[in-house]
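K.L.:
Chains as they are written, first to last, in the numbering used here: chain A, 1 to 122; chain B, 1 to 537; chain C, 1 to 115.
Since the hints were derived computationally from the structure, they do not count as laboratory data. Backbone N, C-alpha and C fix where the C-beta goes; we use that ideal spot for every residue, glycine too. Treat each hint with caution, since some may be false.
In silico lysine-lysine, DSS-like type, Cα no more than 27 Å apart, as pairs [as the list claims (entries may be wrong)]:
no.: 1; chain 1: C; residue 1: K29; chain 2: A; residue 2: K91
no.: 2; chain 1: A; residue 1: K74; chain 2: A; residue 2: K87
no.: 3; chain 1: B; residue 1: K401; chain 2: B; residue 2: K476
no.: 4; chain 1: C; residue 1: K108; chain 2: A; residue 2: K87
no.: 5; chain 1: A; residue 1: K91; chain 2: A; residue 2: K70
no.: 6; chain 1: B; residue 1: K410; chain 2: A; residue 2: K57
no.: 7; chain 1: A; residue 1: K68; chain 2: B; residue 2: K121
no.: 8; chain 1: A; residue 1: K68; chain 2: B; residue 2: K166
no.: 9; chain 1: B; residue 1: K401; chain 2: B; residue 2: K317
no.: 10; chain 1: A; residue 1: K74; chain 2: A; residue 2: K95
no.: 11; chain 1: A; residue 1: K87; chain 2: B; residue 2: K317
no.: 12; chain 1: B; residue 1: K410; chain 2: C; residue 2: K108
no.: 13; chain 1: B; residue 1: K395; chain 2: A; residue 2: K74
no.: 14; chain 1: B; residue 1: K476; chain 2: B; residue 2: K317
no.: 15; chain 1: B; residue 1: K395; chain 2: B; residue 2: K484
no.: 16; chain 1: B; residue 1: K32; chain 2: C; residue 2: K29
no.: 17; chain 1: B; residue 1: K121; chain 2: A; residue 2: K74
no.: 18; chain 1: B; residue 1: K166; chain 2: B; residue 2: K317
no.: 19; chain 1: B; residue 1: K121; chain 2: B; residue 2: K32
Here are the in silico distance ranges between beta carbons for each label pair [what the hints assert, rightly or not]:
no.: 20; chain 1: A; residue 1: Y49; chain 2: B; residue 2: N479; range: 34 to 40 Å
no.: 21; chain 1: B; residue 1: N521; chain 2: A; residue 2: F4; range: 29 to 35 Å
no.: 22; chain 1: A; residue 1: N63; chain 2: C; residue 2: L104; range: 51 to 57 Å
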Amino acid sequence: MVDFQQILDPFLRTLKTGSGFWNPILWGIALILIFLVIYIIRGFGKREYKEGTEQTKPFLSGNPEGDKDKMHVKGSNVYWGFSETLKSIYKVFDKMHTGNVSDYVLWFLIIMGLFFIVLGVI
Amino acid sequence: MNQILDFLVLHSPALVVAIPLLGAFLTVLVSKIGNRVRNIFVIIISALTSIFALLLSYDVFTNGIRIYVFGGSYNPGETMIRILFEIDGINAFMLIIAAILPFVAIIYSWAFMNEQTGLDKYYTLILLITAGMLGMMMTGDMFNFFVFLEITSIASAALIAFWTNKGNAVAAGFKYIVISAIGALFVLLAIALLYGQYDALNMAILANNIQFGLLDKMALVLILAALAMKAGIVPMHMWLPDAYGRAPSSVTVVLIGTTLASLYGVFRVIFTIYGNHIMTSLRTIGEFILTPGLTIGILIIALAVLTIIVGVFMAIKQSDFKRMIAFAAVAEIGYIFLAIGAAFSTFYANPETGAATLTHSGEIALKGGIFHILNDALDVSLLFLVAGAIYFTAKTTSLNKLGGLARNMKYTSVFFLIGLLAVSGLPPMNGFASKLMIYQSTYQVNPILAIVAILCSILLLATFVKVLHSAFLGPKISNLENIKEVPRSMLIAMGIIACLIIFIGLFPNLVVETVVTPAANALKNASQYIAMITGGF
Amino acid sequence: MIYQIPFIAVALLVLIGLYAVVFKRNLIKIVIGITIIESGVNLFLITLGYREGSIAPIYHGTEEAIRSLPVPQALTLTSIVIGVAVLALMLSFIVYIYRHYNTLDVRKIVGGDEE
Chain A
1 MVDFQQILDP FLRTLKTGSG FWNPILWGIA LILIFLVIYI IRGFGKREYK EGTEQTKPFL
61 SGNPEGDKDK MHVKGSNVYW GFSETLKSIY KVFDKMHTGN VSDYVLWFLI IMGLFFIVLG
121 VI
Chain B
1 MNQILDFLVL HSPALVVAIP LLGAFLTVLV SKIGNRVRNI FVIIISALTS IFALLLSYDV
61 FTNGIRIYVF GGSYNPGETM IRILFEIDGI NAFMLIIAAI LPFVAIIYSW AFMNEQTGLD
121 KYYTLILLIT AGMLGMMMTG DMFNFFVFLE ITSIASAALI AFWTNKGNAV AAGFKYIVIS
181 AIGALFVLLA IALLYGQYDA LNMAILANNI QFGLLDKMAL VLILAALAMK AGIVPMHMWL
241 PDAYGRAPSS VTVVLIGTTL ASLYGVFRVI FTIYGNHIMT SLRTIGEFIL TPGLTIGILI
301 IALAVLTIIV GVFMAIKQSD FKRMIAFAAV AEIGYIFLAI GAAFSTFYAN PETGAATLTH
361 SGEIALKGGI FHILNDALDV SLLFLVAGAI YFTAKTTSLN KLGGLARNMK YTSVFFLIGL
421 LAVSGLPPMN GFASKLMIYQ STYQVNPILA IVAILCSILL LATFVKVLHS AFLGPKISNL
481 ENIKEVPRSM LIAMGIIACL IIFIGLFPNL VVETVVTPAA NALKNASQYI AMITGGF
Chain C
1 MIYQIPFIAV ALLVLIGLYA VVFKRNLIKI VIGITIIESG VNLFLITLGY REGSIAPIYH
61 GTEEAIRSLP VPQALTLTSI VIGVAVLALM LSFIVYIYRH YNTLDVRKIV GGDEE
């Protein structure tokens with residue numbers, strides 16, 4: 001008869017890195033237990049609320065909710081704060097990324113020169 | 001039956017390259033019969049290639065290094081005047097990647113490229129890229145590597161410019177072929193330098209006889225810089241967003257395979273061909289001995305950190321979906337390079353045997369880097385296939401015009417969620433397992449490396465959550481009301497990769513022990529590779 | 001000294017080709033630069049096989065003479081063929097680019113972030 005324990009064993013071992021370990025099966029079991037606890041805590045909430053009144057509408061700091069097309073935050077506006085504060089770094093990166101193929105070859109030659117200086121001289 | 005299988009596995013190194021080559025040139029004839037016949041023929045050829053590649057990998061993982069001499073017999077110790085394929089652990093590992101990616105791309109392009117013209121040339125070129133990629137990963141001869149590199153880059157450049165009605169795709173193809181031609185010419189210059197000194201083109205014989213004089217340093221610099229440029233290391237990476245972002249999505253999946261094959265070329269050169277000279281001392285400053293291992297390792301680590309930072313920062317600010325994924329692919333290649341560089345810089349001379357050995361954290365870094373090659377190929381391919389699916393239904397890839405797609409395209413959204421979790425290294429996907437090994441081992445080398453790696457992983461999560469929020473969640477946009485789910489063949493292709501990602505994520509130790517550890521051992525011991533050709537120690 | 005001239009010529013050819021690729025703005029001049037680099041590398045391969053006072057590496061019969069090495073000649077033939085294919089591909093790309101962008105200036109075929 002086939003020995004299930006022997007077949008299943010390589011699938012269940014933990015991955016040992018030098019200073020830690022990771023076992024997805026144990027992680028999954030822990031996740032299910034935590035979700036069970038969260039579900040029980042959620043069951044302690046209130047059940048009565050009135051549909052269709054102010055209690056179920058989204059709250060936009062008192063502003064009126066507009067048309068769905070206009071309320072949607074477009075892709076390039078999502079991280080506006082991040083892009084604004086790091087404008088100076090992005091200026092350097094954008095100057096690097098021209099579309100010019102001659103610049104690409106120039107960067108290649110610069111890195112090759114750097115390699116040669118490091119390896120040849122040191 | 002068993003005898004036929006043994007015979008096929010014995011000759012599989014030649015079959016794996018010959019079947020796609022033959023199929024590529026027969027596709028033009030078969031497509032005169034009809035479209036469906038051609039599609040089925042191409043899928044059969046690609047499936048046969050993948051089966052033989054996987055059989056060959058399995059054979060190498062169980063039985064050790066395989067040598068295949070073209071047109072002769074294998075006698076170790078004699079002078080090898082024929083071209084030979086030498087397949088050890090790291091080659092078998094890369095063969096797994098090259099077996100999966102073109103097969104998935106061809107299944108995907110059944111429906112994705114259905115209304116385009118010129119499809120017979122498309123399938124011919126994809127089969128040619130498959131043959132070139134597999135040849136690059138198996139060869140044991142330097143000039144053969146150059147020839148397969150050129151085959152792959154010419155066929156890829158033609159496929160990047162496939163949508164010739166759009167001007168910017170052809171411009172991207174032009175930039176790709178200029179960069180590839182210059183890179184390959186410098187590789188040929190280095191091969192000619194090495195040939196002129198040692199009268200050998202075979203990698204193992206070169207590794208046996210090589211010294212570390214000025215000409216050899218020049219050859220190392222030329223090959224390293226040119227192959228790093230083909231692999232997409234910053235600051236030579238700028239062709240990557242153009243080429244990946246403007247090609248059809250199934251072509252991009254195959255291009256990822258060729259980029260990883262060039263990265264494999266870098267590892268073969270620094271670990272095996274110059275492997276006997278990792279510990280020769282270049283200069284002694286006081287009591288500190290500078291070795292090539294340390295200097296090349298620090299160079300690689302510096303470039304890799306720059307790659308991760310530039311890739312992630314440029315990815316956040318893009319508004320075109322495919323260009324954003326291409327920058328994330330650049331950052332992932334940076335992770336692989338960081339791990340391998342950290343492993344390379346921890347070589348030390350074993351006090352008993354004098355051979356170059358790795359420290360314990362160096363071994364974990366090497367394994368993590370190699371494992372991450374497989375994970376990166378699968379994750380970024382899944383993201384590109386999702387981007388292609390969105391382009392197929394919504395006819396746009398600009399993030400400013402998409403919204404609320406998850407209501408109609410349920411399966412695609414689930415696949416995108418899996419790809420998002422995998423790329424940013426969240427449990428339980430496969431990205432987490434390899435990135436954990438990279439974080440914990442590079443921390444031992446220098447804490448700053450691990451800090452940069454973790455922070456940039458979080459920024460990668462931020463970029464793709466931005467796409468999830470603005471393109472998939474949210475209310476429906478008025479001109480995207482009637483989009484439907486993508487056709488079944490595209491879902492099957494995405495499903496294959498997603499199942500592989502979840503499988504590797506749930507059982508990482510199985511994959512690391514059976515597939516990654518032989519590859520790491522093959523890279524560490526250059527002497528094993530050499531001894532198979534020169535016979536005896 | 002006279003035997004070092006081919007190697008100096010190789011270095012000059014590669015440098016001139018790189019100058020043309022990096023600093024010239026016309027697309028066709030960039031392609032010509034790549035061809036010059038390729039000629040330089042082929043010259044280097046051929047020069048490696050030369051032996052002083054040698055004749056062609058063809059086996060007539062029982063002559064005793066020094067012959068130059070045949071392997072670099074085979075490598076050079078392969079490289080020339082690959083170079084022709086790459087050149088044809090680049091020129092056909094330039095034809096399409098000219099049709100779309102109406103210019104041959106390499107700074108203007110950037111493309112941008114549109115789709």
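K.L.:
Could you run down the list of hints and mark each one as holding or not?
P.N.:
Right, here's what the structure says about each hint:
1. C:K29 x A:K91: 31 Å, violated
2. A:K74 x A:K87: Answer holds: K74 of chain A to K87 of chain A is near 20 Å, not above 27 Å.
3. B:K401 x B:K476: 11 Å, holds
4. C:K108 x A:K87: 25 Å, holds
5. A:K91 x A:K70: 30 Å, violated
6. B:K410 x A:K57: Given pair K410 of chain B, K57 of chain A holds - Cα atoms ~26 Å apart, limit 27 Å.
7. A:K68 x B:K121: The given pair, whose Cα atoms are some 45 Å apart, is violated under the 27 Å limit.
8. A:K68 x B:K166: The given pair, whose Cα atoms are some 33 Å apart, is violated under the 27 Å limit.
9. B:K401 x B:K317: 16 Å, holds
10. A:K74 x A:K95: At roughly 25 Å apart (the allowed maximum being 27 Å), K95 of chain A and K74 of chain A satisfy the hint.
11. A:K87 x B:K317: With a Cα-Cα distance of about 11 Å, the restraint between K87 of chain A and K317 of chain B holds, given a limit of 27 Å.
12. B:K410 x C:K108: 41 Å, violated
13. B:K395 x A:K74: Holds. K395 of chain B to K74 of chain A sits at ~17 Å (cutoff 27 Å).
14. B:K476 x B:K317: Status holds; Cα separation ~24 Å.
15. B:K395 x B:K484: 12 Å, holds
16. B:K32 x C:K29: 40 Å, violated
17. B:K121 x A:K74: Violated, at about 38 Å.
18. B:K166 x B:K317: Between K166 of chain B and K317 of chain B the Cα gap is close to 24 Å, so the pair holds against 27 Å.
19. B:K121 x B:K32: 12 Å, holds
20. A:Y49 x B:N479: 34 to 40 Å: At roughly 36 Å between Cβ atoms, N479 of chain B and Y49 of chain A fall inside 34 to 40 Å, so the hint holds.
21. B:N521 x A:F4: 29 to 35 Å: Holds - the Cβ-Cβ distance for N521 of chain B and F4 of chain A, about 31 Å, lies within 29 to 35 Å.
22. A:N63 x C:L104: 51 to 57 Å: For L104 of chain C against N63 of chain A, whose Cβ atoms are near 54 Å apart, the range 51 to 57 Å holds.
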